[in-house]
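Top to bottom, those sequences are chains A and B.
What the first sequence shows, in the numbering used here, is residues 38 to 330, in sequence order.
What the second sequence shows, in the numbering used here, is residues 8 to 469, in sequence order.
Don't read these hints as lab results, they were simulated from the structure.
As the structure is a computational prediction, the values presented were derived from the model and not from experiment.
Treat the hints with caution; some may be incorrect.
To be verified - In silico SDA-like links for lysine to any residue, alpha-carbon gap of 25 Å or less: (1) A/K240 - A/P312; (2) A/K137 - B/L305; (3) A/K140 - B/S222; (4) A/K140 - B/G108; (5) A/K137 - A/G75; (6) A/K135 - B/L182; (7) B/K369 - B/I338; (8) A/K137 - B/E290; (9) B/K203 - B/S222; (10) A/K146 - A/S118; (11) A/K146 - B/L305; (12) A/K137 - B/T179; (13) A/K135 - A/T105; (14) A/K146 - B/L182; (15) A/K140 - B/L187; (16) A/K137 - B/R183; (17) A/K140 - B/L174; (18) B/K369 - B/Y397; (19) A/K146 - B/V301; (20) A/K146 - B/R181; (21) A/K137 - A/K240; (22) A/K240 - B/N299.
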Amino acid sequence: MTVQPTPSAPTLPSNLLTGSIADESILVRSRGVTKRFGGLTAVNNVDFDIPRGAIVSLIGPNGAGKTTFFNMITGSYIPTSGDITFDGTPIVRMAGKKAKSLKPHEVTKLGIGRTFQNIRLFGTMSALDNVRVGANVHLTSHWWDSIIRTPGMLREEQATIDSSMELLKLVDLDTRADTWARNLPYGDQRRLEIARALATRPKLLLLDEPTAGMNSSETRALTDFIRRLRTEFGLSVLLIEHDMRVVMGISDRVTVLDHGEVIAEGSPAEVRANPRVIEAYLGRDAAEAEAEA
Amino acid sequence: MSSATKVIGTGPGAWFGFIGSTLASYPGRYRASYHRRRRRTILLTLLVVGTLIYPIVHSVLLAGFSRNVLPLPLPDDTVMTFMTIFAIMSIGLNIVAGFAGLLDLGYVAFYAIGAYVAAFLASPHFGQFGINLVFLGHVGPGAVGIHLPFWIVAIVAIIVVATFGALLGAPTLRLRGDYLAIVTLGFGEIVPLFFKNLSSLTISFALGPLLINVSNVNLTGGVQGINPIDPPFLPILDVLFDARSGPLAVYLGMFLVTIAIVVARNLDLSRMGRAWGAIREDETAAEMMGVNTVRTKLLAFALGASFAGVAGAFQASYLGATTSDFFDFSISILVLIMVILGGIGNVWGALAGAVMLVYVDKTLLPYVSQRIGDVAPTLPNPAQYNFLIYGVLLVVMMRFRPQGFLPSRQREAELSVHGLADADAQMGVVGEFDNVGVAPPGQDETGADSRSAETPDESRHL
Numbered sequence: 038m039t040v041q042p043t044p045s046a047p048t049l050p051s052n053l054l055t056g057s058i059a060d061e062s063i064l065v066r067s068r069g070v071t072k073r074f075g076g077l078t079a080v081n082n083v084d085f086d087i088p089r090g091a092i093v094s095l096i097g098p099n100g101a102g103k104t105t106f107f108n109m110i111t112g113s114y115i116p117t118s119g120d121i122t123f124d125g126t127p128i129v130r131m132a133g134k135k136a137k138s139l140k141p142h143e144v145t146k147l148g149i150g151r152t153f154q155n156i157r158l159f160g161t162m163s164a165l166d167n168v169r170v171g172a173n174v175h176l177t178s179h180w181w182d183s184i185i186r187t188p189g190m191l192r193e194e195q196a197t198i199d200s201s202m203e204l205l206k207l208v209d210l211d212t213r214a215d216t217w218a219r220n221l222p223y224g225d226q227r228r229l230e231i232a233r234a235l236a237t238r239p240k241l242l243l244l245d246e247p248t249a250g251m252n253s254s255e256t257r258a259l260t261d262f263i264r265r266l267r268t269e270f271g272l273s274v275l276l277i278e279h280d281m282r283v284v285m286g287i288s289d290r291v292t293v294l295d296h297g298e299v300i301a302e303g304s305p306a307e308v309r310a311n312p313r314v315i316e317a318y319l320g321r322d323a324a325e326a327e328a329e330a
Numbered sequence: 008m009s010s011a012t013k014v015i016g017t018g019p020g021a022w023f024g025f026i027g028s029t030l031a032s033y034p035g036r037y038r039a040s041y042h043r044r045r046r047r048t049i050l051l052t053l054l055v056v057g058t059l060i061y062p063i064v065h066s067v068l069l070a071g072f073s074r075n076v077l078p079l080p081l082p083d084d085t086v087m088t089f090m091t092i093f094a095i096m097s098i099g100l101n102i103v104a105g106f107a108g109l110l111d112l113g114y115v116a117f118y119a120i121g122a123y124v125a126a127f128l129a130s131p132h133f134g135q136f137g138i139n140l141v142f143l144g145h146v147g148p149g150a151v152g153i154h155l156p157f158w159i160v161a162i163v164a165i166i167v168v169a170t171f172g173a174l175l176g177a178p179t180l181r182l183r184g185d186y187l188a189i190v191t192l193g194f195g196e197i198v199p200l201f202f203k204n205l206s207s208l209t210i211s212f213a214l215g216p217l218l219i220n221v222s223n224v225n226l227t228g229g230v231q232g233i234n235p236i237d238p239p240f241l242p243i244l245d246v247l248f249d250a251r252s253g254p255l256a257v258y259l260g261m262f263l264v265t266i267a268i269v270v271a272r273n274l275d276l277s278r279m280g281r282a283w284g285a286i287r288e289d290e291t292a293a294e295m296m297g298v299n300t301v302r303t304k305l306l307a308f309a310l311g312a313s314f315a316g317v318a319g320a321f322q323a324s325y326l327g328a329t330t331s332d333f334f335d336f337s338i339s340i341l342v343l344i345m346v347i348l349g350g351i352g353n354v355w356g357a358l359a360g361a362v363m364l365v366y367v368d369k370t371l372l373p374y375v376s377q378r379i380g381d382v383a384p385t386l387p388n389p390a391q392y393n394f395l396i397y398g399v400l401l402v403v404m405m406r407f408r409p410q411g412f413l414p415s416r417q418r419e420a421e422l423s424v425h426g427l428a429d430a431d432a433q434m435g436v437v438g439e440f441d442n443v444g445v446a447p448p449g450q451d452e453t454g455a456d457s458r459s460a461e462t463p464d465e466s467r468h469l
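Please model the complete structure; the sequences and the hints are all you need to start from.
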């Protein structure tokens, strides 16, 4: 990926970190979200907001419930209870005692795109076709248009090819458009997943450990790219990430989950200094040692 | 997407303009293909021309020669017509099993429904209830029963069968994998049984103020089935030719197969085809990317079924009779074998599989049996062991060429061992096609271009 000098992050509303945020500045609002798998409470009563235009990170030790929470925003898990609103539209709401959720494809259409922790591209489809599948959600032609190949359908297909090529260009994959996704190198696959998610024209991009398995220069390039997405496309980003340099360097706000509960929330600096966070990551002894030091 | 033509304007005018310019571009494309891959183009041309003239050559020349001079295993009109009937079905099942990756073991049900639609709408059968309707028919105006022309019957069959496909799919397509196969298997058993047993239907119930009282109605003709069914008359609305006899039926079948190929390929190359591919690769990821998986699978199911509807209607009209015995479970398996042998996921593979298997079943095995019978009458008759032979064939294929004769590149890669073998296999296949001169997967110009251009690229970075 070409590393471009990134403009500094736009200044966020000053009230962002104080907690008193006006409604329209919040893109995702979740209240009391709980998910139980049998006897295990994976996510417990989580209140969590994503401000519009912000890069928010969700961190926590393994098994803290980060991916489960992700999956509830995208509609693939139905929470046991709770409410999630995206851009004014309820994704999850309580109907009586049970939570009702939109289907994943409906959530995608609303404007949430995602990538996966372990890459899930359509391996034997070309890079271009992978992106075109993402673009499908906004196409209007019908199957009968495809059968008789109406001019409108053909124009739409051409427009989709053009816009998909532009997205491939954005992630520096336009020269590999015809290559099967599974034959691309690992880093390219990661970026192709982002391009595919962008093709769904999201307002919010969910990235599940995007830098996993990358070396430090790839990681740096990807971090710059994520910043660019926010400044150039006005995207909000929710990030699950284990690489603390990435999290601390990129996030406007960090939320820490442990055993399914929010244990800390705030700016990267605040979270880093929080003894509960250190305890969750390193254990009680280390936390005490840190406090003494 | 045909790169040679551009769409101008909107509406039907633009559509005709586009089709016209597409057709006009074919001579140029053909010349280009001839210059680029001469041997392949010549062989393909010979194959197409040979296929087109064979039915006539056979009826005026070869049939007599084979009968009087030297017996040869040549497919006759009936066999060729059945080739087209099964080709339509295997192309349709390929949409369900090949494109969308849904295992449908009850495909024969849709074939049966199509046949009975034709039997109801083009036979004297409903005369027994005093229902007489003749429309644009070659049958006299005073005829008993319903007599609609073949094309209308075919269109009704498509609609009815697609509806049944959707009805079956709606509750079952939430199932994945094996469960879907089992439910469709049941459906394929139930439907022919229904037709067999609806010969003395007695229903009596009250629907609001209406009292429905039907007693002992022979709806489907039971074991005897329904006959006679009107033959398909051509060219358009039942005038001119009786297309039941001689090569005409073959040409009608070829015409239907051509439409089936065009429809299947257009679907495969559309957004729907991409959605099917995505579901086949990773259903969860597809759903996350905004593909409405239930609706998309349902569409594959209903559209695939409608092909069997046309095949059933054509078969009933061609044979002039239909009974439930035609629609044995083994037909479902036979069509699936055609798709798998031919190359799952590829329209041309499905076509080749149907032609090959019908040829073996209806011409080659009887011929071999007869020759063996002439020489050594005590030896077992191979025609009676046809399914044993298909089974062995299938096992051998799965061992040595699991992707089928003309595989789609995607399915080939999915079925072969991961890693370096893929690139080798792909290279090998392209090479083989060059030698044999058979259409490679995705025979159309754009497809052939991108594929041949891509192969070396892929082997490079593997």
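**OP:** Would you list, in rising numerical order, the hints stated earlier that this structure does not obey?
**Re:** 1, 3
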